[in-house]
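S.K.: Below are the chains, spelled out letter by letter.
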Amino acid sequence: GAVVSQHPSWVICKSGTSVKIECRSLDFQATTMFWYRQFPKQSLMLMATSNEGSKATYEQGVEKDKFLINHASLTLSTLTVTSAHPEDSSFYICSARGQYNSPLHFGNGTRLTVT
Amino acid sequence: RKEVEQDPGPFNVPEGATVAFNCTYSNSASQSFFWYRQDCRKEPKLLMSVYSSGNEDGRFTAQLNRASQYISLLIRDSKLSDSATYLCVVNRPGGGGYQKVTFGTGTKLQVIP
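Keeping their order, the protein sequence lines are chains V and Y. Numbered according to my numbering, the first sequence spans residues -17 to 97. Numbered according to my numbering, the second sequence spans residues 6 to 118.
Just to be clear, a hint being listed does not mean it is correct.
[Said to hold, decoys possible] On the chain Y side, residues computed to face chain V include the following (Cβ under 10 Å):
#	residue
1	P13
2	Q36
3	V106
[To be verified] Straight-line Cα separation of at most 20 Å, DMTMM-like style, residue types lysine to aspartate or glutamate; simulated pairs:
#	chain 1	residue 1	chain 2	residue 2
4	Y	K50	V	D9
5	V	K23	Y	D44
6	Y	K50	Y	D62
7	V	K23	Y	D62
8	Y	K105	V	E34
9	V	K23	Y	E10
10	Y	K47	V	D70
11	Y	K50	V	E4
12	Y	K7	V	E41
13	V	K23	Y	D87
14	Y	K105	V	E41
15	Y	K47	V	E4
16	Y	K47	Y	D87
Please keep in mind that the hints were generated in silico from the structure rather than gathered at the bench. Nothing here was measured: the structure is a model prediction, and the numbers come from that model. Beta carbons are placed, not taken as given, at the ideal position from N, Cα and C, and that holds for glycine.
Please model the complete structure; the sequences and the hints are all you need to start from.
M.R.: Set out below in structure tokens:
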């Protein structure tokens, strides 16, 4: 089946630093990638939708200057959490989709802890 | 009203029971539908697509009711390992040639011995 690789799996960083998370589709071309955040015992929350070659579309309440998304190729999207703070600590998950109407495939998530 | 709605549960069922979840969607232009399962502290994994004619995969049966705008997931002979949160996903045209993907908030299932 389709594989999406996300790394790092976990990261601990100090407050004020930036963290980059990569999401790669390994065996298909991902025209659309999605970034989610999930806090403990809560639902997935969509942060932004990223179509290859165009600017990401951010959901209401998500700061685009804080969460920088780049989708420069059909196999790679990156999320950079800039000037991270402890409240940014969360589980960040990417997903990717190839063709229209095809299912999403998820990366295995990045657990971010900001101290 | 949310675009995709699910009963959050939890559904607590004994091993061997049959359990069904529904997921309603509000946009009649919705085109494709999926069920995912998510285990605690893990990413969602695709369980099955939902086809118009209904489809079955082992103990799991998915159905689509376009007239009433809902999809369902039936699990027969529940196993302890079925304990998870089940998410429905709905795709619809989102403009600009892209699709909008919407997740339900998930239904938690706990299968008890």
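S.K.: Each hint needs a verdict: does it hold in this structure or not?
M.R.: Each hint, compared with the structure:
1. P13: Holds: closest Cβ of chain V sits about 9 Å from P13(Y), inside 10 Å.
2. Q36: With a minimum Cβ separation of about 6 Å from chain V (threshold 10 Å), the hint on Q36(Y) holds.
3. V106: Given a least distance of 6 Å, the restraint on V106(Y) holds.
4. K50(Y) - D9(V): Holds - the C-alpha atoms of D9(V) and K50(Y) are around 17 Å apart, at most 20 Å.
5. K23(V) - D44(Y): holds, 11 Å
6. K50(Y) - D62(Y): Distance of about 15 Å is within 20 Å: holds.
7. K23(V) - D62(Y): violated, 29 Å
8. K105(Y) - E34(V): holds, 15 Å
9. K23(V) - E10(Y): holds, 18 Å
10. K47(Y) - D70(V): holds, 18 Å
11. K50(Y) - E4(V): Answer holds: K50(Y) to E4(V) is near 19 Å, not above 20 Å.
12. K7(Y) - E41(V): With a Cα-Cα distance of about 15 Å, the restraint between K7(Y) and E41(V) holds, given a limit of 20 Å.
13. K23(V) - D87(Y): At roughly 18 Å apart (the allowed maximum being 20 Å), D87(Y) and K23(V) satisfy the hint.
14. K105(Y) - E41(V): holds, 12 Å
15. K47(Y) - E4(V): holds, 17 Å
16. K47(Y) - D87(Y): holds, 14 Å
In this structure, only the earlier hint numbered 7 is contradicted, and the remaining ones agree with it.
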